[in-house]
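Novice: The hints should help you fit chain L with the ligands onto chain W, whose structure is shown.
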Amino acid sequence: MMYMLKVENLYAGYGSSEVLTGVSLEVAQGRVVALIGANGAGKTTTMRAISGMLKPRRGRVLLDGEPVQGKDASRIAGLGLAHAPEGRRVFGPLSVEDNLLLGAYGRLPLFWGYRGRAARDLDKIYVLFPVLHERRLQSAGTLSGGEQQMLAIGRALMAGPKVMLLDEPSMGLAPVIVQEVFATIRNLKAAGITLLLVEQFARSALEVADYAYVMERGRIVAEGVPDELYRDERVLAAYLG
Amino acid sequence: MITAQIVVSGALMGLVYALVAYGFQLTYATSKSINFGQGELVMLSAFFSLTLLDWGVPYWLMVPGGLLFGVLLGLFVERAAVRLALEQKSEGWILLTIIVGLLGFSAAENIWGRDDRPFPTPISSDALHIFGVSITPVEISVAIGVFALMGLIELFKRKTLLGKAFEAVSADREAAELMGISATRTVMLSYGLSGLVAAMAGILVSPITTVGPTMASALILKAFSVAVVAGLDSGFGVVIVGIFLGSLESLTSFYIGSGWREAPGLILLILALAARPNGVFGKAGIRKV
Ligand SMILES: Nc1ncnc2c1ncn2[C@@H]1O[C@H](COP(=O)(O)OP(=O)(O)O)[C@@H](O)[C@H]1O
Ligand SMILES: [Mg+2]
Chain W
1 MMYMLKVENL
11 YAGYGSSEVL
21 TGVSLEVAQG
31 RVVALIGANG
41 AGKTTTMRAI
51 SGMLKPRRGR
61 VLLDGEPVQG
71 KDASRIAGLG
81 LAHAPEGRRV
91 FGPLSVEDNL
101 LLGAYGRLPL
111 FWGYRGRAAR
121 DLDKIYVLFP
131 VLHERRLQSA
141 GTLSGGEQQM
151 LAIGRALMAG
161 PKVMLLDEPS
171 MGLAPVIVQE
181 VFATIRNLKA
191 AGITLLLVEQ
201 FARSALEVAD
211 YAYVMERGRI
221 VAEGVPDELY
231 RDERVLAAYL
241 G
Chain L
1 MITAQIVVSG
11 ALMGLVYALV
21 AYGFQLTYAT
31 SKSINFGQGE
41 LVMLSAFFSL
51 TLLDWGVPYW
61 LMVPGGLLFG
71 VLLGLFVERA
81 AVRLALEQKS
91 EGWILLTIIV
101 GLLGFSAAEN
111 IWGRDDRPFP
121 TPISSDALHI
131 FGVSITPVEI
141 SVAIGVFALM
151 GLIELFKRKT
161 LLGKAFEAVS
171 ADREAAELMG
181 ISATRTVMLS
191 YGLSGLVAAM
201 AGILVSPITT
211 VGPTMASALI
221 LKAFSVAVVA
231 GLDSGFGVVI
241 VGIFLGSLES
251 LTSFYIGSGW
261 REAPGLILLI
271 LALAARPNGV
281 FGKAGIRKV
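If you read the protein sequences in the order shown, they are chains W and L.
Residue 1 is where the first sequence starts when you use our numbering, and the numbers rise one by one after that.
Residue 1 is where the second sequence starts when you use our numbering, and the numbers rise one by one after that.
Here chain W stands alone, though its shape is the one from the complex (with noise of 0.2 angstroms):
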């Protein structure tokens, strides 16, 4: 099996306060793992100290095989991992088209000429959400939650990453938007984006993962198929009820 992403016994927190104590967790190539878990168990922390937002104290985070812990997150995110954080952080001020081109910023001229190299995948993006080409000269801060949510994830699909990582992308949003943001992580699923999912809707999560794992207070409790963990008393208790 080829983990893209690996996380082993990681240890994170702020200031004085450990909020993770010894996180291991996989992400084949190709899959949707779900992470879930009640508010405050961690999802967030963990993503960030994957992505370098926030420097884990022990523990190894493996992307593609590289060790990656401990470094910048511009570094991480230039090896191949787009993190989409909780809270959607689009660019307000700028356009909806620029905030895409910057999620290629890695790969893209820094002066000339960069429109037109990435002219093909924002035309994929735009496909993928034609609301996002209607607003493309739009500022990014004048987009609804979910259209700024679609731009979260486009911004992030446009760095071509090996690993996506994507928290909590229905939060605060209107039911009929949340099917439309499920309906997008299923086309994710079906272009074979790897995927790590936090969700406060773990049914929902559940049905479109192929593997997940439950936290709770800064700890992985429990991890399965989707199967496993509806067959899992404690965990249908305390997630899925």
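A few of these clues could be false.
[Unchecked claim] One side only, chain L facing chain W, incomplete, derived with CB under 10 angstroms: (1) Leu162; (2) Thr184; (3) Gly257.
[Stated by the list, open to error] DEER-style ranges, computed between Cβ atoms: (4) W:Arg60 x L:Leu68: 25 to 33 angstroms; (5) W:Gln138 x L:Arg276: 27 to 35 angstroms; (6) L:Leu152 x W:Arg107: 41 to 49 angstroms; (7) W:Arg107 x L:Leu68: 26 to 34 angstroms.
Since the hints were derived computationally from the structure, they do not count as laboratory data.
Even for Gly, the Cβ is constructed at its ideal location relative to N, Cα and C.
Specialist: Same frame as chain W, now just chain L with the ligands:
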């Protein structure tokens, strides 16, 4: 008519305040920090440019040389006074940039002496009369230089991918890092650009003000006022506030007395500070650094 004349020459000086204030905005955008020794950068670049002229470098070659020197000074300030403080999320850059400025001041006194020296320029100082207002080509060159440089930098920010990355870091530093953009290098870039801007200001005003160690000490205070009033993050607002302050100053100086020339800038600064109880940098700003 005399009033129009006074407003025009004041406004030109105001454009220089605006240019230096724009330099404050550039670094504030990427790092929520500014170089309090920016005035010394203006002065050192002017001295260096004058030295190039002394060495016989032709004026139009001196300009890029002087500007490059400014860029290097800006990068030096970032490395020596800003980067560590930002990494430690402290506000140490305030004191450190002041100290680097003081060092620059002493260096200038030792290298070039304390005297004010004229700055030769091939651009004519013979007044032209336009709609009854007399204006010299040197003064016109100030306006052209200010707008050209600000325009070029804005064009860079909007049209190149590197410029967009600059804007991305300004908008959300962490998210920009997730795109593979190095925030550290972007902050360097912004300090390089603010050094460029300072050098341009030095080259533009020197023919009017002469060159000396203290040439920029009044200038910098007023540029700071302009930046604070216009907002440290609000683009071309500095041009309007700069022109306003420059005009107000020369009107004050003419109608009230030349001793009162500095008063409007200080009053403006006091008012701006009073209107911002969180301080110039704002609470949110400091937390985000
Ligand atoms: N910036 C922060 N500073 C201090 N503590 C934090 C910070 N972010 C999160 N935490 C704490 O870390 C724990 C895990 O948070 P988080 O990873 O956001 O959980 P989840 O994403 O699973 O809801 C929580 O107890 C939270 O209070
Ligand atoms: Mg979270």
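Novice: All hints are to be evaluated individually against the structure, with a verdict given for each.
Specialist: Results of checking the hints against the structure:
{"no.": "1", "hint": "Leu162", "verdict": "holds (4 angstroms)"}
{"no.": "2", "hint": "Thr184", "verdict": "holds (8 angstroms)"}
{"no.": "3", "hint": "Gly257", "verdict": "violated (45 angstroms)"}
{"no.": "4", "hint": "W:Arg60 x L:Leu68: 25 to 33 angstroms", "verdict": "violated (44 angstroms)"}
{"no.": "5", "hint": "W:Gln138 x L:Arg276: 27 to 35 angstroms", "verdict": "holds (31 angstroms)"}
{"no.": "6", "hint": "L:Leu152 x W:Arg107: 41 to 49 angstroms", "verdict": "violated (27 angstroms)"}
{"no.": "7", "hint": "W:Arg107 x L:Leu68: 26 to 34 angstroms", "verdict": "holds (30 angstroms)"}
In summary, the structure is inconsistent with hints 3, 4 and 6 from the numbered list given earlier, while agreeing with the others.
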